[in-house]
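Asks: Line by line, the protein sequences are chains A and B.
Residues in the first sequence are numbered from 1 upward in steps of one, following our numbering.
Residues in the second sequence are numbered from 1 upward in steps of one, following our numbering.
Accuracy of the hints is not assured; some may be wrong.
[What the hints assert, rightly or not] A few chain B residues that face chain A, going by a derived Cβ cut-off under 8 Å, partial list only:
#1 T7
#2 M41
#3 G42
#4 P102
[Said to hold, decoys possible] Here are the simulated BS3-like cross-link-like pairs (lysine-lysine), alpha carbons at most 25 Å apart as the crow flies:
#5 K71(B) to K42(A)
#6 K109(A) to K42(A)
#7 K71(B) to K99(A)
#8 K57(B) to K99(A)
#9 K109(A) to K49(A)
#10 K42(A) to K9(B)
[Said to hold, decoys possible] Derived DEER-like restraints, expressed as beta-carbon distance ranges:
#11 A2(B) to A54(A): 28 to 36 Å
#12 Q45(A) to S112(B): 46 to 54 Å
#13 S14(A) to P39(B): 47 to 55 Å
#14 A112(A) to A2(B): 29 to 37 Å
#15 A82(B) to T77(A): 38 to 46 Å
If you are wondering where the hints come from, they were derived from the structure by calculation, not from laboratory data.
For each residue, glycine too, the CB sits at the ideal point set by N, CA and C.
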Amino acid sequence: AQSVTQLDSHVSVSEGTPVLLRCNYSSSYSPSLFWYVQHPNKGLQLLLKYTSAATLVKGINGFEAEFKKSETSFHLTKPSAHMSDAAEYFCVGRGGTYKYIFGTGTRLKVLA
Amino acid sequence: NAGVTQTPKFQVLKTGQSMTLQCAQDMNHNSMYWYRQDPGMGLRLIYYSASEGTTDKGEVPNGYNVSRLNKREFSLRLESAAPSQTSVYFCASTYGGAGNQPQHFGDGTRLSIL
Numbered sequence: 001a002q003s004v005t006q007l008d009s010h011v012s013v014s015e016g017t018p019v020l021l022r023c024n025y026s027s028s029y030s031p032s033l034f035w036y037v038q039h040p041n042k043g044l045q046l047l048l049k050y051t052s053a054a055t056l057v058k059g060i061n062g063f064e065a066e067f068k069k070s071e072t073s074f075h076l077t078k079p080s081a082h083m084s085d086a087a088e089y090f091c092v093g094r095g096g097t098y099k100y101i102f103g104t105g106t107r108l109k110v111l112a
Numbered sequence: 001n002a003g004v005t006q007t008p009k010f011q012v013l014k015t016g017q018s019m020t021l022q023c024a025q026d027m028n029h030n031s032m033y034w035y036r037q038d039p040g041m042g043l044r045l046i047y048y049s050a051s052e053g054t055t056d057k058g059e060v061p062n063g064y065n066v067s068r069l070n071k072r073e074f075s076l077r078l079e080s081a082a083p084s085q086t087s088v089y090f091c092a093s094t095y096g097g098a099g100n101q102p103q104h105f106g107d108g109t110r111l112s113i114l
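Only chain A is shown next, with the shape it has when bound in the complex (with noise of 0.2 Å):
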């Protein structure tokens, strides 16, 4: 079975401090991972995805992931979080044709 673990519903850090949030996946197929922002009232914005090339992916604002198949791990990281960071972060993987599946979603709260 296809299946996206986040470890971590909420997540604080003080601004300036690194931002770790933790994606584990198992998956039959080969596989495809993203994370996404959403910050409230607003829809998913893809901030980087995993896709078999590097398995250590830059994205959008200063974001990085590492994917370690050992592991079957995919977190995002960053080195210094920002007050505009504070959002909510969904890892989702491929679940088969049409399919991908949502981790329930980590909340990040950044203090000043």
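For this one, chain A is given, so just place chain B on it according to the hints.
Replies: Showing chain B alone in chain A's frame:
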């Protein structure tokens, strides 16, 4: 470039009323999707359309119908609204169906059913 446009943005209905949520994309995408988002549950697929003229059920299709009007437009209809359908509804689109292309999302329709 508007991307994916959803209307209306907000709606309040009474139990038993019907309504149609509209979605249009201008990216020439083949595939379109309707999701609902509920707290703590991520996004759940209601229906999808692989291409113009085709629709298929997703994870939670009960109580909903869809129409792929043309390549650009994909509508979601609630025939007899129930309080359990109170949710935020998102439309998305993408190229192809292999699952290796990112989806593009609209800003959602916030629907409350009293």
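Asks: Look at each hint and say if it fits the structure.
Replies: Hints and how they fare:
Checking T7(B) against chain A by beta carbon gives a least distance of about 13 Å; that is not within 8 Å, so the hint is violated. This hint holds: M41(B) has a C-beta 6 Å from the nearest C-beta of chain A, less than the 8 Å allowed. A cut of 8 Å between beta carbons decides the hint on G42(B): the least distance to chain A is about 4 Å, and the hint holds. At its closest, the beta carbon of P102(B) sits 5 Å from a beta carbon of chain A; the interface hint therefore holds under the 8 Å criterion.
The hinted pair formed by K71(B) and K42(A) meets the criterion: a straight-line CA distance of about 24 Å does not exceed 25 Å. Only pairs whose Cα atoms come within 25 Å are accepted, and K109(A) paired with K42(A) is accepted, the gap being roughly 17 Å. Annotation: proposed proximity of K71(B) to K99(A) holds, straight-line Cα distance about 19 Å (limit 25 Å). In summary, the hint linking K57(B) to K99(A) is supported, as the alpha carbons are separated by about 11 Å, within the 25 Å threshold.
A hinted pair counts as satisfied when its Cα atoms are at most 25 Å apart, and K109(A) with K49(A) qualifies at roughly 23 Å. With a CA separation close to 10 Å, the supplied pair K42(A) and K9(B) stays within the 25 Å bound. Checked against the given bound of 28 to 36 Å, the beta carbons of A2(B) and A54(A), roughly 32 Å apart, stay inside it. At roughly 25 Å, the beta-carbon separation of Q45(A) and S112(B) lies outside the given 46 to 54 Å, and the hint is violated.
The hinted window of 47 to 55 Å between S14(A) and P39(B) is violated, with their beta carbons roughly 26 Å apart. Separation of A112(A) from A2(B) is about 35 Å and conforms to the stated range, judged on CB atoms against 29 to 37 Å. With their beta carbons about 42 Å apart, A82(B) and T77(A) fall inside the hinted range of 38 to 46 Å.
Hint check: violations occur at hints 1, 12, 13; the rest are consistent with the structure.
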